[in-house]
Structure formats: C-alpha cells, structure tokens
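Engineer: Residue numbers (full-length UniProt numbering), protein chains in the order written: chain A, 1 to 417; chain B, 1 to 290; chain C, 1 to 331; chain D, 1 to 249.
In case anyone wonders, no lab produced these hints; they're calculated from the structure.
A couple of the hints might just be wrong.
What the hints assert, rightly or not - Under the rule of at most 30 Å between Cα atoms (straight-line distance), these lysine-lysine pairs were calculated in the DSS-like manner: (1) D:Lys139 <-> C:Lys215; (2) A:Lys174 <-> A:Lys291; (3) D:Lys166 <-> B:Lys90; (4) A:Lys107 <-> C:Lys165; (5) A:Lys174 <-> A:Lys231; (6) A:Lys258 <-> A:Lys201; (7) A:Lys401 <-> A:Lys233; (8) D:Lys163 <-> C:Lys215; (9) A:Lys291 <-> A:Lys308; (10) A:Lys258 <-> A:Lys198; (11) D:Lys194 <-> C:Lys215; (12) A:Lys72 <-> A:Lys291; (13) B:Lys90 <-> C:Lys94; (14) A:Lys233 <-> A:Lys258; (15) D:Lys166 <-> C:Lys215; (16) C:Lys165 <-> A:Lys412; (17) A:Lys198 <-> A:Lys177; (18) A:Lys412 <-> C:Lys94; (19) D:Lys77 <-> C:Lys215; (20) D:Lys77 <-> D:Lys166; (21) A:Lys174 <-> A:Lys412; (22) A:Lys107 <-> A:Lys41; (23) A:Lys342 <-> A:Lys107.
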Amino acid sequence: MTNQSALIDRRSILKAGAAAGIAGLLATPEPTWAASEKPIKIGMVDPITSIFAAMGHSEIKGAKFAEEEINKKGGIMSRPLQLIVEDGAGNPGTSIDKAKRLVAREKIDFLMGTVNSASSLALSQFANQHNMLFLCTGGHVDALTGTNCNWNTFRTCSTTWMLTAGDFETLFDKFGKSWYFITTDYAFGHAEQADYEKQLKRHGGTMAGSALAPVGTTDFSSYLIEVKAKKPKVLCLLLAGDDQVNCMKQIAQFGIDKEIAVAGALIELEQLQALPENARYGWWTAEWYWKQPNTPHLADFVKAYRAKYKGEYPSARSWFGYASTYAIKLAVERAKSLETMKVVRGMEGLVLPPEVALQPNAPMYRAADHQLMLSMFPGHVLKGAQYPDLFDVSSIIPGEKLALSPAAAGCKMTYPS
Amino acid sequence: MGLLLLFNAFNGLIQGAFYALMALGLALILGLNNTINFAQGAFMALAAYFAFTLTPYVGFWGGLIIAPLLAGALGLAIETSLIRRLYNRKDPIYTLLLTFGLAFIMQDMIRTIWGAQGKPLEIPQFLNQPLSSTYFFLTGYRLFVVGVALVGTAALFGVLRFTRIGIRIRAGNSDLETISALGVNIYLLRSANFVIGIVFAGVAGILAAGQLGLNPNMGDALIMPAFVAIVVGGVGSLVGSLLGGLIIGLASGITTAFYPAASEVVIYIIMGVMLVVRPRGLMGQEGLFE
Amino acid sequence: MSTDLATETARTAPQARTGMSRRTIGNVVLGVVLLTVPLWLPLVGGYTDLASRVLIYALAAMGLNLLLGFTGGLSFGHAAYFGLGAYGVGLMLKYETHSLFLALGVGTLVGGLAATLLGPIAVRRRGIYFSMITIAIGQMFYFIAIRWNTLTGGYDGLSGFARPKFAGPGHLLSMGPTGMYYLVLAAFAIAALLLWIVLNAPLGHAFVAIRENHKRLTFLGVSTQRYIAISFAISGFIAALAGGLNALLDGFASPNLLNYSMSGDFLIIAVLGGMRNFYGPLAGAVIFVLVRDYVSSVTDNWMSVIGLVFVVSVIFFPMGVLGFFNRKSGS
Amino acid sequence: MSLLVLNDVGRRFGALQALSGISLSVEAGELRAIIGPNGAGKTTLFNLISGYFPPTDGSIVFGGEPITAGTPTALVKRGIIRTFQITEIFLSLTVRENLRVAVETAMGLNLRPWISAAVRTVVMNQVENLAEIVRITAKLDRVAGELSHGDQRVVEIGIVLAKSPKLLLLDEPTAGMGDEETHHMTDLIRRLNKDQGITMLFVEHDMAIVFGIADRITVLDNGRMLAEGNATEIAANPRVQAAYLGHAA
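Using the sequences and the accompanying hints, generate a full structural model.
Structural biologist: What follows is the structure in structure tokens.
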C-alpha cells in the first residue's frame, strides 16, 4: 500500500503544486462563461501548510470538486461560482489576515473554512465584525454553535458532543464500565471528555482515571504506564491530529491494544492513512465515510472524485468542503439574493438534498444554532485492512438524535436590527 | 506509586537518550561550524522521508544506512554552496537566518514531493513489541534507539579522540586560527564536520519516524528539546549534550507522572535554573565562542 | 532619508547644517507618506489593515533592532515579549477594562517587565549562547501560553475581546481600520522618536560601542552586561507595545505570536531592511509583509519563496536593502 | 611610595607555569619597559595587572592598596588602563565617535538616555582636546576601520587617555608600524609621560625605542624575571645578553 500511495501522492501533488503556481497567477473562472457574468465569490481559508495541512488539503479538494460540478451545471442563479483559496496555516492570526485580504482585495461574498477550532473561532468573530456569512467547514469546538454562536456563522462538521454521543453506548455495552481517558489538553479535548463523563455517569460506569496530554505530545509512554497500572476496560483516546497517530502507534508497540479495548471519539481517514498496519485498530466515530451500503449518489460521487484526484478516496474532510460549497449555493438560491442576512435566512432550516448529503439521512442546518445535523458513523477499524477500505461503519445515526438542543448547547442567537 | 515513579524515571531516560541523539549532530555543527543549524529538524524529516521511499527496495536497515548518507550529501551541497560563504562574517545571525530559511524551503519541498498526508514508516516486526509484559515500555525498538544513541556517542567520542580528522575537529573547536596556521584545510574540515552532523540528524530523524510517524512538520517538534539539551549540557561538550538530553528526558518523564501539563515547560525551567546557577552548562567550556 | 548611525552622528558637528536638513526632508517625506496611507493605499490595491500590520511588525523589529543592530545582541526570543504584550492587552480588555490606553499600557508593561527581569539572565552570556538562551526563554512562554488554558485559552488562543472605542475629549470615536491605523502610526512615531533620542545620547553611544568592541569598553571600566540588559529591556518594551497593538488589530491573541518562528520573522525583517539603519526595520517590514501577503495568495509553495527571501537577503544583502543602496549612493 | 608593587606574583594555567616569582615596583611618573623574547610572559603580566585574570600566587598593590583579585572594571576605576597587542577600538565608528564614547564613559554619562546641548558641548570640546593631544584632529571624521594601523593605535591611546589613567599599560605600541608611525608613537609616549605625568608600563620588541625612552627596563624570560635596571645596566648585563639579546640577534 505504502509504495503505491506514495507514488500517487507525489504525482498529484507535484501537479497540483505546478498548477497552483501558474493557475494562481492567472486565476480566471471557467472559460465557458460569458465575460459579462460576474462570478459569485466564496473565499476559503484553510491550512495548506502546517500540521493541519493534510486535512486542509482534503477540505480544499472537496470544495474545488463542488465548484467544478456547480459551474458545469449552470452555476448559482446562472452566475459562475469562483472559489478563492487562501492558506491560513492553521494559525488564527494568519487566517484573519487572509480573510481580510479576501474581503478587501477579492471582494468575496461568502467566507468558509477551516480545519482547526482556533482559526474557526477567530474567523467567526472576524465575519461577524464584517457582516459576512461564515460557514465553518471543520472546526469542532462546541462553542462555535454554542456559547459563542453568531447570527452569521454556520457549521457543517459536527460538535464534539455529537462525536462522543455517537459511539458511547456501543462501547459501554460491548467492553465494560471502567474507562480511562487520555485527552488532549485544550478546549476540544476538554469538551469531549466532559461529554463522555456525563454519559458514563448516566449509565453507571466508573472513571478508572484520566490524563491530559498537551497538544503536540510526541511521547505517550508515561501516560501508557499509568493506563497499564489502572487496568481499565476501555482506553478512550480524545486526541487530535498527529497526537492521536503517535499515541496509537505507541499503544501498538507496547501491545496495550491487545489487552484493553481502545476507543475514542473522532477518527479521520487521514489519520488511519498515517498509521502503520499494526497500529490500525479500535472503535471510533467517523463523521462521514466513503463506503456506506445503499446510499444513493454515493458511488457516483466517489467515482467522480477519484477520477479528478488520481484515484484518491474522499475523506470526511473532503465531504465537508463539498457539502459546504453546495450549502452556500443552495442557500443563495433559496434567498434569491447575495445579501448576507437573506442568505443566512436561506440557510436556516436548509436540508441538504441526497446528492449533496451522501448519507441515508437528510441533514439540516438547524435554524436555532446554525449547526448541521449531519449523521455520525460509529464503527471500528478493520484488522489488517488496506487503504482505502480501513473502517467498518456499524451504524449511521442521524445527527438530530445526538446533538444537544440549542438551549442546552448554550446558544442564544441575536440578529442585528 | 513508587514503582510507577521508577517506571516513569526509566522511561524518561529512554526518551532522554533520544533527545541526546538529536542533540549530538546539532552540537557538532554548533562547535566547529559555529552555526546554530535551524535546518537540523528539516534534515531529520528529510532523511526520514528518504528512508520511507527507500524501505520498499532496501528494507528498514538499508534505509537506515542509505537515507542519512543522502541527507549528508545534500548537507554537503548546502554547506559548500551557501553556509561556507558566511564563515568570515563574525556575527552568528547570518548562518542562523540562512538555516532558518533553508528549513522553510526543505519543509515546503517535502510537502510538495511527498504530500501533506502523514505517512507510516514500517519498522521490523521483531523490534516493534515489548520485551517483557511487566516492563512493557521496554520495546525492542526503544532499546535499539538507546543503543544507537550510546554507540553513536561512543563512536563520535572515539573518532574525535583517536582519528586524525577528529583531533583536528577538536583542535578547531578550541582554536581555529592555530590549526589553520598549521596548514590544515579548514574549509574541508568544516565540510566534513557538517556532513557528520547531518548524518547524525538523519539517523535520529529515521528513528523518530519509527516511533512518531512521518509528516512534513516533524522536524519542528524535535529541534527544541535538542537545543535545550545542548544548553543544559554545556555548549561545546558532546558528553555534555548526551547528559543534557538524559537529564531533560528524565525530568520530563517524572513531571508527566505528576503534572503532565508542565512536561514541556519543565525542561525550560531546568535550563533556566542551570543558566542562573552555572551559566556555562554542565560540561561547557567558558567563553568558547563568545 | 536614513543613513548609517555611525556616519550620521559623526556629521552632526562640522556639517550639521547640510546633514540635518537632508535628514529633516527625509523624515518629512516619510511622515507625509505614512500619514496619507489610507488615501493612496487602496489605489494601488492595498488595504488599510495591511498597512497597520506592516507598521506593527516594523515597530517590533525596530525595538528588536535596538538590541540586534545597535547593541549587537542576537535575541531569537523577542516574539515572547511581543506575545506577552498581546495577551496582556487581550486579557485586560476581556476581563478588566474598556479603556484602550489602559489595556495597551498594561500589555506593554507586562511584556516589557518580563524582558527587564529576564534580560539580566540572558546577558550573562554572549554570542551564540545568548541567542540560545533567549530562544529557550521565549519557548518557555510559548508553552505556558498553550498550557495555561483557563487564562490564555490555550491552543485555541484568546478571543472574546474587541477593540474598544477611543475615548476622545468629550466623545467616543469608533476604531475602524483607519482609526486603528492612526493609533498604530502614533505609537510607531512616538517609539521611533524615543529610540532616536536614546541612540543619540550617551546611552545609545554605549550600546553601539558594545556592539563594536565590548572588550575595549570593559577595559574602560564599563560593565557591558548591564548595558545589554538595558537595551534588552527597552527593546522588550517596544516589542510588547507592538504585540499589544497586534492584539487590537486582530481582536485575537494566539500562542503562535510567542513562537520562535515569529522571532525569526522579526529578525529577518531587521536584517532584510538593514540592521545598521535606523529605518531598516521599516523597509524590511514593508518588503516582508507585502511579499508574504502576495506570494501566499499566489502559490501553495509560498514557504519556499519566504525561505528564499531569507537565503538571498543573508547571502547578498548582509547590510539589508537600505545598507545596500546607501553604499551604492555613497561610493 | 611606589605606585605599583608586585610581590612574588605567579600565574599557572593547568600544568603550565606561565609566570613565577615576579617582584617589581614602579614609581609614580616612571616610564617602564618590559622586554623579553616571545613567550616570556609579558602579556600574561599585563593581564594580571589589568585584572584580565587573577594571579595564582603572590599579591599586587596599587597606590598602597591590594588589588590582587580586582576585576577589569574595578581596576579601571582605580586608574589602571591598558591597550592590547591587537588594537581594540570601535572600527566602524568615526574617530570622533570613538573618542566621544570614551569621554562620555570618563564623565560617567553612559546611562543617560538623553543629553542637553550644554553637556554635549563639554563632551565635544573634550574630544577635540584629546584629538589634539594625540594629534589626530585632521582625521576626526574618518571611519576608524579605514585608518592606517598606526593611526588606529593612536586612536586607542586617545580613548584610554580620556579616562585620565594613573597607570597606563601599553602592549607593543609600535608593533607592525613603519618608521614614521613608530617615531610618532614614541614621541606620543614620551610626551604623555613627561607632559601629562602618566606612569607607564610598555611591552616593546624594538630595542632602539626601549633604550631610547624607558626610565627603567624589566627583562622577562621563560616566565621569570631576568634583570631590572636602567638602559645602561641592562645593556651591560651579561645574562640579558646571553638569554635575550642572543635570541634577538
């Protein structure tokens, strides 16, 4: 697997790099459009560099794929769509700079992004100051559609609460009552652990212990020593990005996954790809997966996506980019306007149609907190699996069954008069 | 708790050996090339990616040998074409900023060539498991890393003490003018030293990738503890760097057991205390490059 | 406009009249250009916030350059004081006050005092050691900012504060991009003036003498460490002021502001513009910020371009662009 | 009373005994030459007197007070100022700026972050003064690094002169100079000694200069004192002839 995917990656990225160099200089919309048609511009700030780059690339690919598809099918209200991508480098300051540039220079109509919570929060605040619609693609922090919710901010990816609610009962029933948490030491992790603890208490489980690991922890052995001493039934990993990869690798090296059930909230296809074969294990929740039985339009999407990106399979991140771009199109068409307030109203209660949703349920942007009610895909990693078939979805749970009510999430939406 | 502490302390030492291995190459280059090599982390990542690409053809062991040499060759090219131009500028800022910029370029090249997506570097199965179920944290791989760190230090020590080039490097460390007056080609010596430093970085990078996984940014996380190891151990002393690595590994391991949030800050605190109590570090020589 | 401090100050006595007038003209031209930025910048495709960013980076790099270019101390940790200033302002606005100047004052004080207290530790060593110590001290603050979640917002950064209105005489002025720009410009002008005064006073002469030959000065009975520490403190205060302004501009403070790569940006700005020139950091900031802003929009490989900027400026413009052009016009 | 007294002073570096058993006394107003072959310990002796490093044996007394463990800064305050074998000046500054910083240091102004016009005038006048004494007025606005070696030496003496030294240590003041520059320098040394009354110790290889201007001469060899006396005594001393002049010839 390694060899082949390395080759694929190299070719596509080399080409993408070269193309970006040239195309970026002459960024023109699709040539089929009449010059008189002014494009509708979506500014997308997402990490192309930094530790968040792998996921950023997936989101951008998904969004670009949607852009191409939309323009082929007649654009938005018969105007072309132009997606302008800027590298936020996973850094809130840079992300704000890029958003400023997009607003001032490119005169964008809408803003979307980004992979990480910090940048998403910063952009939400920025968009609010500039009276612009911001659609968060992939930052999970609860506050974004909870305590910090804004009238002009929407979110496509799930909240941390939804991630933890998806697989709890399965794990609890299957493996046992005593849990140990290794949690990433920032808002995302704290929120996840708090959510799990609530559910654990409600079901009469016990905490064997927990440890907070700073973001960027490379060596998890001290944590694992403690885990081993406490002998929990379930080791729950609530880590982000590379930290999760490092921890799973070390668990496998110590052989802990053979004695204790390892589980956690979020797993991403990008993470599984970064793991060696012996470190692919555990029970997790995916936010979307390319392989679902009997979901309409999914096979076509995967096929077309692979054709565009040299055989690469779409990840949940690709879908975020794809669905977000479509959501803006649909909201604009509902509002029949580009005015921020009208589009916001158009997006409130917007239900993604099956060819965009690509899941059996019909997710909707909830009006009260602007959170998309996307389905969760709890399941487990297949033993000895080879890319791309790495994950087995055990059930697909509609988002509205999992999400907290807007009131419980702490969102009090206020609109400008 | 006592046993747990012992486990953690021991585990910290293993981690420390790892820091030390990373610090050695850095210390070597700091010594004779008078360069704070910010690209050291990027060289580590690059060698690891070379190994990743080579492994299907030559296996892990082949990669472990060939990849650092390839990185060393690139190091030689960079040293002779760029860094060498800056030796006679007395101010260290130039080499520092040069290597800082090179690190940017190398990281970007890695992302362009291999992609932003993290990669798994497969290590031999027999190393990839614990040796005993009680002392499960002693995996073959970790012991192997400790072994490489010790052998590497010993080998370097031997080279510096007993070979012609080593003796010259040591002499050059303390008095560049004198040895160049003795007719030693100082440029050649510095190139050789730089390459050795990069090869060390390469080995450290590959070993890190076996444990942490490969991504274009991996060098960023690795370089700082190496810096601290050098400052604590004392600039100019290789044994000091080894000790420095072990000390901060130990401290960080023990801290993790009590208060994980401070596990990174603690190494800087140790460094701060060291600087106040003994500014030249454990084994450092006074005023070597001041 | 700006010349090497060495030759500049030398001229003061015999050729005061011609030297002064040329410099005065240069300063007036620069002042007019900076004052009218909001008028002409949009015409050339820029936007006012970008100009604020340039001036903030220039201010931080100018502060750093007092230590780097004029005292000869290579600090690779000034982002820490910049970041402390930013967090100071953010925390004040979030929890304590709605006064712009109080927040900015406290932020500057926090970062400046940190530099004042830590400078004496760093200056115990010189050369490469000094750099390594400063970088490590800086990283310590970086990790504290990331770990101390409850105060700093940890990895997600500090948000939830906004630029307060400017309390003018009798009424409140709202701070849009233009208002913010003039606040930054005022801070820049004041700091630049103070730096200029110091550099032309005995204290500044002592700084430059330390850079030139600390041994000579030591054997004139000057304890050079003390002076480097003073230079460190002043430059820390200025970096903190710049950081505070940065927090106001973004309405956000993130741990990245404290990271060593930010220190690297400030250093390259100083070197690129010309670290022996008073206005070098300003020239460097204009080039660096604009290049980065433009290139990162044009290509995904912007990091390579920025890396090349480092390499090229170090190899070919060791005295920076201002130094380069001065030399050309001089010879 | 002697201005400077060394009692059985020695210095060891690890296994190497660089100096031992040095006892000498220098009277106020004296112009004393230190001579000896390379490696005799002349510069080490200067380093001990100026506090670069402390002696491992013996004691040093200056102006009646012990200064054995003094730091350079402390000794400068007492009036012991030195030059180095390699000229130590501020190379990229002008001569005027070189002298100015020395004058400001001497006047204790260094910590002032601003300066009044009146004080500035005092400083500048003192700079002109110094420049006249060392005769470098014509080159005041030249960058020091671009001056000839001899002129740089002169600038260094101007700098140390600003501190009004009681004891001036000159390490090979004429080394590497041409005839004219050497003449200018010896003249300067003599004038400073006679006109300003500055006590001086200088290390010198050129015997013509040593015998020409020194009041007394101390001869070092292999880290030990070989002889001491005036020019005639030293020239006649058979041990000096054997050990030192033999080398030189």
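Engineer: Each hint: holds or not?
Structural biologist: To see whether the hints hold, each was checked on the structure:
Only pairs whose Cα atoms come within 30 Å are accepted, and D:Lys139 paired with C:Lys215 is accepted, the gap being roughly 24 Å. A distance of roughly 24 Å separates the Cα atoms of A:Lys174 and A:Lys291; the hinted pair therefore holds under the 30 Å criterion. Our distance criterion of 30 Å between C-alpha atoms is broken by D:Lys166 and B:Lys90, whose separation comes to about 35 Å. Proposed proximity of A:Lys107 and C:Lys165 is supported: the alpha carbons are some 27 Å apart, at most 30 Å.
The suggested pairing of A:Lys174 with A:Lys231 holds, with an alpha-carbon distance near 17 Å, which does not exceed 30 Å. Only pairs whose Cα atoms come within 30 Å are accepted, and A:Lys258 paired with A:Lys201 is accepted, the gap being roughly 26 Å. The hinted pair formed by A:Lys401 and A:Lys233 meets the criterion: a straight-line CA distance of about 27 Å does not exceed 30 Å. Between the alpha carbons of D:Lys163 and C:Lys215 the distance comes to roughly 15 Å, so the proposed pair stays at or under 30 Å and holds.
For the given pair, A:Lys291 sits about 18 Å from A:Lys308 by alpha-carbon distance, which is consistent with the 30 Å threshold. With a C-alpha separation of about 27 Å, the suggested pairing of A:Lys258 with A:Lys198 holds against the 30 Å cut-off. For the proposed pair D:Lys194 and C:Lys215, the alpha carbon gap of about 29 Å is at most 30 Å, so the pair holds. Taking the CA atoms of A:Lys72 and A:Lys291, the gap is about 26 Å. The hint holds against a cut of 30 Å.
Proposed proximity of B:Lys90 and C:Lys94 is contradicted: the alpha carbons are some 46 Å apart, above 30 Å. Restraint check for A:Lys233 and A:Lys258: satisfied, since their Cα atoms lie roughly 12 Å apart, inside the 30 Å limit. Restraint check: the Cα-Cα separation between D:Lys166 and C:Lys215 comes to about 20 Å, which is no more than 30 Å; the hinted pair holds. For the hint linking C:Lys165 to A:Lys412, the alpha-carbon distance of about 25 Å falls within 30 Å, and the restraint holds.
Between the alpha carbons of A:Lys198 and A:Lys177 the distance comes to roughly 13 Å, so the proposed pair stays at or under 30 Å and holds. For the suggested pair A:Lys412 and C:Lys94, the alpha carbons sit about 20 Å apart, so the restraint of at most 30 Å is met. Taking the CA atoms of D:Lys77 and C:Lys215, the gap is near 16 Å; set against the 30 Å cutoff, the hint holds. Between D:Lys77 and D:Lys166, the direct Cα distance comes to roughly 10 Å. Compliance with the 30 Å bound is thereby established for this hinted pair.
The straight-line distance between the Cα atoms of A:Lys174 and A:Lys412 is roughly 38 Å, outside the 30 Å bound, and the hint therefore fails. Taken as a hint, the A:Lys107 and A:Lys41 pair is honoured in the structure, with Cα atoms around 8 Å apart against an allowance of 30 Å. Taken as a hint, the A:Lys342 and A:Lys107 pair is honoured in the structure, with Cα atoms around 18 Å apart against an allowance of 30 Å.
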